[in-house]
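*Asks:* Residue-level listing of the chains:
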Amino acid sequence: MPKDYGIGASSKRREDVRFLTGRGVYTDDMALHGQTYAVFVRSTVAHGRIRSVGTEAASKMPGVLAIFTGEDFKDVGGNPAGWLINSRDGTPMHEPKRPVLAHGKVRHVGDAYAAVIAETYQQAKDAAQQISDDTDIEELPAIVDMRAALADSSNRVHDEIPDNQCYDWGWIEDNRAAVDAAFKSAPHVTTLELVNNRLVPNAMEPRASIGEYFPGTGDYKLTTTSQNPHLTRLLVAAFVLGIPENKLTVVAPDVGGGFGSKIYHYGEEALVLAAAKKLARPVRWTAERSESFLSDAHGRDHVTKIELACDKEGNFLAFRTETMANVGAYLSNFATVTPTFLHGTLMAGPYKVPHVYVNVKTVFTNTAPVDAYRGAGRPEATYSLERVIDKMCRELGLDPFEVRRKNFLTTDMFPYTTPVGLVYDTGNYHATLDKAMEMADVAGFAKRRADSAARGKLRGMGLSTWIEACGIAPSNLVGILGARVGLYDAATVRVNATGNISVMVGAHSHGQGHETVFAQIAAEKLGIPESSVEIVHGDTSKIPFGMGSYGSRSLAVCGVAMTKAIDKIVAKGKKIAAHMLEAAEGDITFEDGKFSVAGTDKAKTFGEIAFSAYVPHNYPLETLEPGLEETAFYDPANFTYPAGAYICEVEVDEGTGKVDVVAFHCADDFGNVMNPMIVEGQVHGGVGQGIGQALLESTTYDENGQLLTGSYMDYAMPRAGDVPFYNVDYSCQTACTHNVLGVKGCGEAGAIGSPPAVVNAVLDALHSGGHKIAHIDMPVSPGRVWQAING
Amino acid sequence: MFDFEFVKPSSIVEAARLLGGEGAQALSGGQTLMPTMKQRLAAPSVLVSLTGIAEMKGLSVAAGTLTVGAATPHAVVAAEAARVFPALAALAGGIGDPAVRNRGTIGGSIANNDPSACYPAAVLASGATVVTSKRRIAADDFFQGMFSTALEEGEFVTSVAFPIPEKAAYVKFNQPASRFALTGVFVAKFAGGVRVAVTGASNNGVFRWAEAEAALAKSFTADALQGLGVDDSDMITDLHGTAAYRANLVKVLTGRAVSAAG
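In order, the protein sequence lines correspond to chains A and B. The first sequence begins at 1 in this note's numbering and counts up by one. The second sequence begins at 1001 in this note's numbering and counts up by one.
In short, the hints are calculated from the structure, not lab data. Cβ atoms here follow ideal geometry from the backbone N, Cα and C, with glycine treated the same way. All the given hints hold, so there is nothing to weed out.
A few chain A residues that face chain B, going by a derived Cβ cut-off under 8 Å, partial list only: (1) 655; (2) 708; (3) 715; (4) 781.
Looking at chain B on its own, in the form it has when it is part of the complex (with noise of 0.2 Å):
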């Protein structure tokens, strides 16, 4: 690791400020930034931590959304949403493990947005709202690809609005080694329709499958995506699996997800 300044500012304008300058960094829980650091692969020079800013810590209920602030910890989110948003809240409560669940943040981690990373699959599926520290983005728009957002530099994500579904599931199926999704399907049914959103299995990142949505918005059932049948082209081939084996479970893990949502 190399020397660096660090700034903790309280409020998100502070915080703002502080990004605009030069070579400076933000830091949130620091679960991918620090071990980075320690490989000597980044090099900030100012590292901003958001962990101090009370406006973006904690979770809150109003009129069907649950909205997260960006800097609330994992295992914050697993205890709190467990009642609200089930799914959300055993999402986080599957991530990595209790250190990273306390230090880990939903901010940081959509953010980056690591293909194989967990939150973005229930960001998208969710259709949730990230708002930053200039605008409100649909998660639609949001992810851009492999470790590519519609953040610009400077920008910061400060919370994030769920829209809390009818009915809902995440279904992981863990890299053996890292405990990243290997690939994970979250699956969100609402009033007026139903939204399947797949990590770790694409090489542009978290995405929807339209078809599987379509059928199962006719019957949220597993048996619903029979037939269906999931392209390939694009998924990741690595040591833990072949673009077909994620095409696979792309399809076993949707049919599960619908299953264990009820």
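With the rest of the complex left out, here is chain A (with noise of 0.2 Å):
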């Protein structure tokens, strides 16, 4: 009988009964008294010096409140980096001022550089029209091109920088001379020049934001979009508008997916507020979906060329890979860490390879920012190693699963120092390998292949193993790496007089089902329903303090805080419980929500404490405060280590160059699961999320750095017809070894591991129709798989 309460079981999702009978609160939901409307008036060239923004005639405008521009928030602080990232030479980063408005030049299409407020949207909508057909921008050549960029320093997208790189990033450099010796002694060595395609997140909720300023007190409220509602009251307060922390509550309400691109703060939420003040009147904007494609933070966009080291045998001896990652115009918080941290650290697989070197170039570029999206540099990652690999098996005539098998870290091994610096804690590679085979049937594959070939296809099979590093992560280690913040996170559980319970945690959830899972843990560790548990997120004036939710953090880093509250709740309910009970505190014991003198049937129920807590007749005043609510804050002791193994099959028609993915298998190690049926949801959509990136989505700016695939009739997104069924497992479970769950984090697994094996499907179909095609790069649309067979 599978579990129906408490860890463990598949609770149903409670927010979803709001969120599928159009009952859920987003920031566009709301509508505030007075409320007045913002419209940004954005750049329509990729790279130009502002000589003059035409406010005048807008000004006049009916229904126009107020004009905004770069010069009003030149003298303001810029929204920082995240991390400072060093160069191989021990130099820091170039960091330039990422301003609220532009001023002085604007630097990707779509670069907000004025801001019309209005009574109505259409007349800020009017007049930010008028104002762009009367600013005068001198155009300047576009920077598009990565190469390019580093190459020409007499074009450059922050003057100050000449050749337009933020830093020039060694992993390990140390380890350089031994691995590039490595390399000369090998008996092969792979190479592979790669593009891991830059993506557009496309949450289905645009970002929003509202900002109001209350006059009788100086408080402000920001109500966005956001993953991170901590975060951003951190960054508006201390570092771009100068408001003190404790003026300004955060709200981040129901959001509708994130995927990496709300973690962050933006401009105009800063806009918001400054304006909310000089009207004191609310006041709010929505991204309209042509501005989400072109001021979102994009995701991933690396070139790389990555060379794997072996003998003929295909036993690894050394990855080297170079990688230029393209950070657009400017810095957006997580640019810095996303290919550096996130990315080389796990260059070294789940395999005992001993040695690795990661260089990366990051470039500034006319385009939009880009930042973490959905798994975050391990992506990347994954897809240069498990393509790479790949390559090799094929170059040598070796089996890739046996290759993979041969070189996986075994379980005697943990915890074991990779030569990228991690530490990974537990794992069983071998039992996730052998699962992905058993239940893709590989055996039966042949006779499949025979079947698609009936039908006048061709069908492959790919794998790819991966690992990642997630439960984002230990503060003094991720302080020494350069991260300007601590990656802690906290939660406070608060016990009503009537037994029931809040629970603020500082994650946020914008899909993931936190509200459900969260409350099962309490439930189960409180022996209480599950319904008597209401979890409280996104609100900075409810909650201790948060870092939010991405990086697969929130269960591995809050969901551990939380319990750790529980268990002070339980410790002081035991002293209660001793005192009514009149017995040693040492002879409490809880269990399944009762307090007992151990040996006796004397006991007291969970309510029963709580009420005596609020109530404290019979309670022991001279030694113990009343009430019953705990706060934790819970730094991790290292990130998690989830790993899997995916195997899909594809179905290619050489007529047409189309793939259809036909099967998709997932075997993953998550440690301990908490709701499987979320975590099963959590694998479909990152794997969904996959697919796309394999087949679908292409990011395109031609060479003046415009957007060719800006709107939903160019930029692919996968829909239901595009994946198949998938078959996922969880059932191979190593627990996390330094978190009291045993938790590792689902969320970002599918979008880690499915673009390799989706890529590798479709090469095995190809070459086994006699297409010796080393490469093609994702997209793998049909036009480039037809481009790829006939040359």
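Build the complex from these two chains, which are given one at a time in their own frames, with help from the hints.
*Replies:* Right under this line is the structure:
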């Protein structure tokens, strides 16, 4: 019998009741008395010097209340990068200021250089058009291609950065000579140049923000689409507008998807707050979809050369990569860590490879900023590794399953320090590979291939064995690496007098289902019904602190903080129970919602203890405070290391180049699983996005920096018909050794493991048809496949 | 979107009068016009809706001809033409998504003549007659290049009369993002010959592939196309495929359409 309650049960998502009945409350749903509308004036050129911003005529248009330009914010602090990365030579990265509104120059199509506030949306829109028409911008040559950007110092995205390079990072620089030596003496070297395609996040809900200012108290409130409201408060308060943190509340209500793009603070949020103060009226803004395409932080965009050194039997000797990572025009908050510590540290994969060296040059271009997107660095690492391994197998005529198997770390090797600086605490990569092969019926593939051939299709099978580091992250470690914040999380458990509880968590749910899973854990730990637990998130005025949700960290960090707070509740409950039951505290046990005197039938229920804490008539007031509310902060001791094996089968139509994903099998190790249904859903969503990246999604700028794929007419999102029925397993569980829940995180897995499995499958299919193609860059579109076949 | 007047006449005559006015624009299902207006790329001062005109809606069959009212939504054609002209019904059922098919109309589609739209291929391959508020226009004369038709100022399509072929099929290869035809081929076999119309591929919009028609008239089999070349000099190159790729699709899809037509 599957469990129907608490940890491990597939409890139905309580938030779906409101989401599926149209009763969710998103930022744009909120109507406020006296509200006004902001519309941003965005650059239509990729690179230009602003000669003048034409506000004169617009300011006299009907309904216009205020106009802001870059001049209004030129003296306020900029939006900073969250991580300081040093170059190989020890010099710190270039960190150009990211203003609220562009001034001096515009640096990408969609760069906002003015904003209009008006009584109605249409009036603001009309005035914004007028400003756009009246503005004089001298167009400069656009810098789009990363190689050209590095080579040409005469054309600069930021005038103070001569080679458009943010940093030139080596990991681990001290190991470089040993890695090079390993390559020199290696019996075989496979080299692959590849592109990890830029993606537009495309959350279903576009970004939206409402600024409020309360003149009576001087308080500000920002309601915004954030995965990370406390970080937004910190950035707005301490860096951008200088509002004291205690005068600013940030609320992230229901949020319709983020995938990373809503982690960061954006200038629009600062603008609506500044405008609300100026007008003493609420100021609201909701992005149009085309604005989202142009101004949300994009993902990926790496150009990589990876080399694999091995012996003739396929035993790995070394990996070496050179990557150019595009950060776009400005540094978004996590832009500098994504291609470095979230990418380079994963370049050993789940393998016992002795030598690894990673070089990343991060480049400014006249394109939208690029930042963390579901997986963030780890999909790029996995794609490079799993593609070059596949290529090596083909070159040496080796079985890709066997090559993975012989190179995997074995269970007796944990904890294992990789050559790129991580310490894997536990795992069992052979188990997930065996499971995936069983699920995929690898032995039966030849027959399926023959069946496909009978229908005129080439069938291929592709494998990817992946690992990630998530549960971000130990603060002392990330501090050494350059993080400017801590990466703990926090939770407050408030037991009400009647025994039900509210849990205020720093994690933010924007589709993941935290309200359900966190309640399951709290209910089980306290022996009360799930329905007695309310999870509160996304409001800085209610929650102690938090670092938000990204990097598959919610459960592994915030979930553990909540568990620790619950432990404190139980500990205090035992003190109260000892008093009430006239027993020694050490004799009190807590089980199934009851505090009992060990070895007797004397007991008090959790509800009775809670009531006593708030109505303390029979209570040890001289030694114990009344009330039952505890807060815990938790800073993880290590990253967590989910891993798995994915097997994809595709059919390729040689006539059209069309690829159909016909089967997808996932065997994952997420450690302990709290809610299997939600884990499956997370894997489904992640694999869907991975298939989207592998086959469909292309973010294309032309040589003038115009985004050619700026709408769904040209940007292909995966639809239900593009993905198969997934076959998902999470039974190979090695519990995380350093958190009390034993959990690792599952949110990004699908997006990390799936792209190389898809591409490997396509190449396998093509080779089976006699097409000796070494590589096709993503998205592996029909046109590209046909071109590869037909030269 | 800018402000506009909206009128909904109930007869062709009244619609024709209203469309003679300054700044008037015909509105059918609005599946192209509305997004264009929302993006402020079009700003007609008067929208004349054609969907309230009963004589422009529905299907009728007489003397081997299927007549489809111009304001008939794709979903209705998909359902009601299934028996008499299954290839046309299948085409209509494959346009866009259910919301588009319940709003978009055949008249709107062919009047717009998007080079990647499906309906122009059916109209041209069937040798249909486009009936307008003023006259009858043969399909071969109606489509005049990308987004261009024989329609004059104020003139609008009222119905399309399709001769029903003996055999026919439409095979579309979707553009991955928009699901318009990256290339689509409609093949129709009549007692007097075969017509092949291609959409999505050419810079000049929908066109007939004369060499294939001749070969298929002799032998209505996919094999009959072997050896035929497709000139790619006027084909579209864009993000989703080169001219050479589209030329390949024309040939591949024509063969598949012939096979599907049986």
